[in-house]
Amino acid sequence: MRKQERRAWICLVLAMVLIVGTGIFGYRFVKDGGKWASFYGNTQIFTDGYINRGTVTDRNGEELLTATPEGMAYSPDWATRVATVHAVGDPGGNIPAGAISVFRSQLIGYDLVNGTYDTTANGKKVALTIDANANREAYYALDGRTGCVGVYNWKTGEIVCMVSTPAFDPQDYIYDDEEDEDDGYAEEDEEEESIYFNNFLDGTMAPGSTFKLVTSAAVIDTMPDRDQFEFDCDGINQFGSSEDTQLVCVSPHGTVDFRGALAKSCNGAFGALTRDVGAATMREYTEKAGLTESVDVNGVLTAEGSFDFPDDNDVRLSWAGIGQAGDLVNPCAMMVYMGAIANGGTPVQPSLFKSATFIKEISGGKSLGRYIEKDTADELKSMMKNNVVETYGEENFYGMDMYAKSGTAENGSDTPDAWFVGFTGDENAPYAFVVWVKNGGYGSEVAAPIAARVINAIGPDYSDEE
Amino acid sequence: MMATEITTVFRWIFVVLAAYILLISIVSLLSTRATPEIWGYYMVEGGGNFPITHWENVIGRSKTADIMIPLATVSNNHALLIRKGEEQWVFRDLESSAGSEINGYKLDPEKRYLVETGDEIGMGGVISTVTPPSLEEARNNKYMRRLDKEPVAPWKILVAITAFQLMTIVQLVLSMGSDITAGALLSIALLSALMWAYVMFFKAMGSRGFEMEMIAFFMSTINLAITASSDPGIVVKEFIAIVLGVALMIGMCIILRDLDKTKKIKPVLIGLGILAMLINLIFGEAKFGATNWIRIGGVSLQPSELVKLAFILLGAGTLEELYEKRNTYVYAAFAFFCLACLAMMSDFGTALIFFATYLVVSFLRSGDLSRMTLTGVAALAMGLMVLKFKPYIASRFSAWGHVWEPEYMNDLGFQQTRTMSFGAGGGLLGLGAGNGSLKYVGASNTDLVFGFVMEEWGFVIAVLLVLCIATLSVFAVMSIVAGRSTFYTLLACSAATMMLVQTMLNVFGAIDLFPLTGVTFPFVSTGGTSLLTSWAMLAYFKAADMRRDASLAVSKED
Chain A
1 MRKQERRAWI CLVLAMVLIV GTGIFGYRFV KDGGKWASFY GNTQIFTDGY
51 INRGTVTDRN GEELLTATPE GMAYSPDWAT RVATVHAVGD PGGNIPAGAI
101 SVFRSQLIGY DLVNGTYDTT ANGKKVALTI DANANREAYY ALDGRTGCVG
151 VYNWKTGEIV CMVSTPAFDP QDYIYDDEED EDDGYAEEDE EEESIYFNNF
201 LDGTMAPGST FKLVTSAAVI DTMPDRDQFE FDCDGINQFG SSEDTQLVCV
251 SPHGTVDFRG ALAKSCNGAF GALTRDVGAA TMREYTEKAG LTESVDVNGV
301 LTAEGSFDFP DDNDVRLSWA GIGQAGDLVN PCAMMVYMGA IANGGTPVQP
351 SLFKSATFIK EISGGKSLGR YIEKDTADEL KSMMKNNVVE TYGEENFYGM
401 DMYAKSGTAE NGSDTPDAWF VGFTGDENAP YAFVVWVKNG GYGSEVAAPI
451 AARVINAIGP DYSDEE
Chain B
1001 MMATEITTVF RWIFVVLAAY ILLISIVSLL STRATPEIWG YYMVEGGGNF
1051 PITHWENVIG RSKTADIMIP LATVSNNHAL LIRKGEEQWV FRDLESSAGS
1101 EINGYKLDPE KRYLVETGDE IGMGGVISTV TPPSLEEARN NKYMRRLDKE
1151 PVAPWKILVA ITAFQLMTIV QLVLSMGSDI TAGALLSIAL LSALMWAYVM
1201 FFKAMGSRGF EMEMIAFFMS TINLAITASS DPGIVVKEFI AIVLGVALMI
1251 GMCIILRDLD KTKKIKPVLI GLGILAMLIN LIFGEAKFGA TNWIRIGGVS
1301 LQPSELVKLA FILLGAGTLE ELYEKRNTYV YAAFAFFCLA CLAMMSDFGT
1351 ALIFFATYLV VSFLRSGDLS RMTLTGVAAL AMGLMVLKFK PYIASRFSAW
1401 GHVWEPEYMN DLGFQQTRTM SFGAGGGLLG LGAGNGSLKY VGASNTDLVF
1451 GFVMEEWGFV IAVLLVLCIA TLSVFAVMSI VAGRSTFYTL LACSAATMML
1501 VQTMLNVFGA IDLFPLTGVT FPFVSTGGTS LLTSWAMLAY FKAADMRRDA
1551 SLAVSKED
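Residue numbers (the working numbering), protein chains in the order written: chain A, 1 to 466; chain B, 1001 to 1558.
Warning: the hint list may mix true and false statements.
[What the hints assert, rightly or not] Heads up, simulated PhoX-like pairs for lysine-lysine below, C-alpha to C-alpha not over 25 Å straight-line:
no., chain 1, residue 1, chain 2, residue 2
1, B, K1084, B, K1325
2, B, K1325, B, K1111
3, B, K1263, B, K1084
4, A, K3, B, K1111
5, B, K1325, B, K1266
6, A, K31, A, K124
7, B, K1237, B, K1111
8, A, K35, B, K1439
9, B, K1084, A, K3
10, B, K1203, A, K3
11, A, K3, B, K1063
12, B, K1084, B, K1149
13, A, K3, B, K1325
Simulated from the structure, these hints should not be mistaken for lab results.
Let's have the full structure, built from the sequences with the hints guiding it.
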């Protein structure tokens, strides 16, 4: 009988296979359970493919979206719906960076222990960092034009305002008659004009003179004698013999020094500075400023900017140094660069998810590392203040400690794109911002008032002190 | 709102109770090992005195011989010594090269000879005798066996299962409201009563080991809860199947006590098995692709489930039978017949279970690993042929491992993705009985029952159920050291293989570790025949339980 006893190991092997297989599944269950549970086929949490539980609010608890088994309900206010649609997301899932998609598992409230079991029967609340009121102001301020406004707290990383236009009312897209479901979904012909497209996260466009802040960083670091720099601007600024070797300014600026050149946004002077700095250094500083890479916003990657600084073409190099000649920047990345200058050279990662943890509130957001040296950041900051004092007028930003740079970017059409980027330095209102208005006209005339209006609407943030 | 709060608390209690019930039972089964009984002593002249711990023993030079005589003149497997009764043994020469003799009389290798106390057995020049244990030794042995760790007392577990069952009734009422039927709730209460009656009766009869029954009653409770959630109208039928299953198990246990009786019913079982398969082939009805159902007077039956019982019994054999070629051929022929019938019914999942069991049992009988491998490869080749001619099965294979890919997730991988999605939605604790949504997917309470348990009862309980099956099997293997006859050893190992393979196919198929073949999870899947068979199969495990007075399938020490 001993033989048969010994052979029984084969049954133990089978038992092992069963246990090991179950173990493998257990590992997958822990690793992928959340993904499986939030699969749209799970009718516990999806009705007809629409998520059926959870609430999305703004930073102050204003309800932006409530999902129930009976359907989805957006804010009752039209302006709120339109102004927050790119942050909240649409029912069809066409906005990948929307909270419905990004924070799906938080809305479902999945966790390993409870699965999708819902003790409240109402789902979980996801608080976004955006301020619905600021978004509405931004939407109104954009006034029907294509553009975007992004504002974030450069200390905590919380995105307080994110508006992209054209936008749409998501309420109109809930439970459309199935036959004409395609209406509105496939209408847009050009990707840039798509209502789902978020210019702030997904767009790249010519930065115009806002890019002079990058060129300035390169100048500060590589030209110790920049204080002796002088440039005579005649408005045409011929720098070579041929016809295309000129950098026209709006009007003759006369003799400008480095600070004056930025304040007056003198193309001639910055062309000369760019040529002095050289293509290699320009490439280095553009990369260091984070403008050629994606920004990670809660797992959503922004579009990457692209720049070309040729070693053998002074004309293109000069134009590239003033934010033209095919330069493309992503607004969110530009906003982060503003955050870098504001925060002494090390920007904080932007986020749309209001973290509930006290530790995160007081320790600030996650640092993205060093973009620029502290001294360089401080000098840029001082120059940006100078811009406001000398050019934009402090009275236009009443009550704010404003640092900024405008931009007017040629886009091939008659009307240029308007930019206004910068930050406020107030202790309780540390906001870095970017405003871009397509075909808006002059940055300081069109985009600057939008920035002022939105930051006014946000007001101070006292959440640190609570 | 109140209902949600109760469920929220219940979910934790359910998991704690289940863990308590099953872990206590599992630990008791795996930690109590029987000291072998001693049936006599084998005295080799000038060689020593060996205790005989089995009814069936091989005498020989081989290291695996039960009584080892390390002499060159003795063959590796020289002879069999089989217990016939008190102080009565049967001796049979296994065509050894030197031959054997009793009291100087040269033995015919074909024949069996009675050996009594004092008879001199001669093998290759060595003389040996068989003696019964002296009274004192017998007392000693009994004393040693008394020192064995006792099986856990059933009372606390009984109370825990009863609490679990009552809470299940409350939970089902909370979650399903008027959708639940009185019959369904009553069935769970009656299961509780049956469980108490069973334990109290056999406790009074002197049985002490109830862990396996506790595990089976617990799994049956989950079965009724799942059936109540998905199809409340048939819970009563499930309960009746349990009653019949328990009765069949008891009957089989009593028959199994007597090896000679058991051997005699083998031909009857062959006849019944063939008949059942043929009836199925002729009158079978198709459900989910396989034609494995018949309907008799309003009752649906799955004959192939019942044939499993016969298949296991036919694969078993006494040590003497294992040396007879005819016995092996009969088993092989019956296996081939069953496989052919199952293939014709397109029930490939069950065919796979039969085949795997056949392979393992053949190996246990012959020890021939290479032949087993060859048979396996040949079957694989045949399987590939089948795939060629049955494209719908081949398509299942195409989805295997890819169910989450967009082209499969709502098509061939539909059942698996739903199993995993709803199952993961249950988390570790489950959503509560009756609260699941997987029940709206086809075959959720049978083929996908693992996901069903995960969703309503949680991952912890689902895994515990798998551990239960693994434990029954490991226990069977551990028990054979003290086994009386290879017959019981083979029964237990064969039943273990069948349950293990069946559980693997069910669980792994539902979660995409294996193609979905559509077989049931023993005890847990809804289906009367499957449930009845699972209970009856428990008799084979009970027959291997050699702990002192533990099992009603084992006669008291003679």
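Against the structure shown, which of the earlier numbered hints fail to hold, in ascending order?
When the structure is compared with the hints, numbers 7, 10 and 12 turn out to be violated.
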